[in-house]
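Peer 1: What follows is the residue order along each chain.
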Amino acid sequence: MTKSSPKIGVYGFTGCAGDQLMILNCEDQLVDLFGATEIRSFVMAKSDNHEGELDVALIEGSISTEEQLKRIKDIRERSKVLVAIGTCACHGGPQAMKLGEDKYDEMYKKVYGNAKITISKSFEAQPVDAFVKVDLYVPGCPIDKAQFLSVVSKVVAGRHPYLMNQPVCLECKWRENPCILYGGKFCAGPLTRGGCGAVCPTQNLPCVGCWGPTDDLNISAEYELLKEKGYDPDQIIKKVKKFGGAAVAKLVKDLESKKEAKK
Amino acid sequence: MRELNVEALARVEGDGGITVTLDGKKVKSVTLDVHEGPRLIEQLVRGMTPEDDLTVIPRICAICTLSHRYSAIRGLEKALGVSAPEKALVTRELMMLGENVESNSLHTFLLALPDFLGYPSAIAMLNDYADDVKRALRLKKFGNHVMAITSGRIVHGENPIIGGFGKYPSRKALEEIKLKSHELIPDAVRDVELFASLKYPTFPEAEMVFMSVNAPKKKFGFAGDSILISNGKEANVEDYKKLTSERVVSHSFAKRSLYQDKPFTVGANARLINMGKRLDGQAGDLFKEHYSDGWLKNPLYNNLAQAIEMLWSLEQMPEVVDKIMGMEDPPNEKPTRTTGSGTGAVEAPRGTLYHHYDIKDGLIDGADIITPTAQNLDDIERHMRLTAERLLAEDKKDEEIRLGLEMVARAYDPCISCATHLVTLKRI
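Top line first, the protein sequences correspond to chains A and B. If you count by numbering that gives the first Met the number 0, then the first sequence holds residues 0 to 262, one letter each, in order. If you count by numbering that gives the first Met the number 0, then the second sequence holds residues 0 to 427, one letter each, in order.
Check before you lean on any hint, since a few could be wrong.
Stated by the list, open to error - Where chain B lies over chain A, by a calculated footprint (3+ residues, C-beta under 8 Å): (1) 28-34; (2) 44-58; (3) 92-104; (4) 200-206.
Claimed, not checked - Taking lysine-lysine pairs in the PhoX-like style, the calculated list, with each CA pair at most 25 Å apart, reads: (5) Lys-395/B with Lys-296/B; (6) Lys-72/A with Lys-249/A; (7) Lys-109/A with Lys-241/B; (8) Lys-322/B with Lys-296/B; (9) Lys-144/A with Lys-179/B; (10) Lys-359/B with Lys-108/A.
As the list claims (entries may be wrong) - These stretches of chain B come out as covered by chain A in the derived footprint (C-beta under 8 Å, 3 or more residues): (11) 68-78; (12) 104-113; (13) 379-387.
Treat the hints as calculated values from the structure; they're not laboratory data. Beta carbons: idealized from backbone N, C-alpha and C, even for Gly.
So here's chain A without its partners, still in its complex pose:
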């Protein structure tokens, strides 16, 4: 390890640890990755972790406790580049599907009852950028190995990585799959960012929307189009909210205000 090796930290917050696991799943590159960089902190993978200045912080998971909030702010302060990896860090993930519906306290009570518990305060999960600046978003549930490795190698070299920002439909066409929507089943493909290789439609299954929406999604046009084709609008919103969390909540709000404006 040379002095100039880029310093990297990998951190997990509220989620399934699947994106950190995907890093460990890069079996063929893992040894090189640990050799070419200085992994300062990666609690899931090693015991000798040192906090301090970082060139790149890779953040998995959403933020849902006061303690996590303190921690993410600390990581931001000492990191040159902060990368959100995975749908939970980028959009909040499944635990953020009811953002904007004001249901957290009610659900929380149903799980824990009225038991007196003295812990650090928790709140409805939100994406990382609800609290600190995020420099790069690498979505996916989980992230894609190839995309992750290309991003890391570009970022440590100070270059800007390419990230797919087209919907799943594009990859589905590349694979010459028959369109599931035309088969009469709701598929979140047109509303969802590609990069997974259209894995579900390739198995005759509708896209579940797990990568969250594309950056420039024109949800009102898609929404009208799907409605025209006879799909239930409530079902559309419900399905894309499962993974789209904060991003979809914002899009839905825009959609509603547009509807209001029309009236």
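On the provided structure of chain A, position chain B as indicated by the hints.
Peer 2: Same frame as chain A, but now just chain B:
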């Protein structure tokens, strides 16, 4: 009064720590702290269709993603009156074998072994144990490959569904699995030998109770409709509430489990203790050779149990693949009712995982998920306490006590993300 803290328990999946409060020579309390934020998954899935539930619940845990999916499928199929075709059942068997190889190789080598050999990580072991680490990575990669072929993706594959599969694996992919699993058997045998050669410290020893599913047809396996208890009793999975009696404790958000008011253990050691006699092949021989009374009281043997189980999983694959290839792709079975209840149970790599569902008019009306780590928590703390007491009595240094506690906690292969009910334990 002083505190011995392991702020962030490294090399486990999820965010946790250990706090031990010492009062002179006495251990006042031992807690496995869980800093993981709450997700309230069981509440979030209410009102969803069973299909949508099935896309959300695997996200509880990335390592056990297929166990969550399969346990839910078993519960949902019972509730909806679906009996999946034989080819689906056997393909599900294969995906569970894949997950077992992936998770057991990850845990034994990358997470647990560095403790025994005195390294901070498997990567740090590379200079001295390059062959062993690379062998583990080969096995893990293959486990992942089997998961990807059966479920569609390495992590969170959506292919296994209620009533069958979106698409069955191709003949070519299955042939490859058959060939490769056979090739890797010597690697897995060497792993068993390595883990059998380790010294298992006796500090956590205590009487234990073990629980696992009872795989059907007197075979070893990872799914079943009844639960075996090491005291000789057996119960239906529908009685899961009695078996696990989840409760809220005042000092944490963690819901805890007790069986007959006592902590119990689930995991590979529990499976081998309850069903080890059913193991065949080299795994069966090596189990007989290396099984000892120590297994019944020392959770550290879970590491050896996982190594033996991983070998068994590999040995099963060619036969299971042949069975799958011998069947035509059947159409997926459809639900026969829209209202009903059902409980599913499978053996996730780290222990029994229950998914119970109540469905009303085609939508989830109630969901109850009990994860292996939630069941193990009381037992982990019990053995950590014994470890702390014994090492303290031997005047061990804080560093040694800390390592002992971490080894015990890690031996259970805890998956803290999995324990959806866990949040944080307050330090005294």
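Peer 1: Next, verify each hint and record whether it holds.
Peer 2: Hints and how they fare:
| no. | hint | in the structure |
| --- | --- | --- |
| 1 | 28-34 | holds (count 3) |
| 2 | 44-58 | holds (count 5) |
| 3 | 92-104 | holds (count 6) |
| 4 | 200-206 | holds (count 4) |
| 5 | Lys-395/B with Lys-296/B | 22 Å, holds |
| 6 | Lys-72/A with Lys-249/A | 24 Å, holds |
| 7 | Lys-109/A with Lys-241/B | 20 Å, holds |
| 8 | Lys-322/B with Lys-296/B | 38 Å, violated |
| 9 | Lys-144/A with Lys-179/B | 22 Å, holds |
| 10 | Lys-359/B with Lys-108/A | 22 Å, holds |
| 11 | 68-78 | violated (count 0) |
| 12 | 104-113 | holds (count 3) |
| 13 | 379-387 | violated (count 0) |
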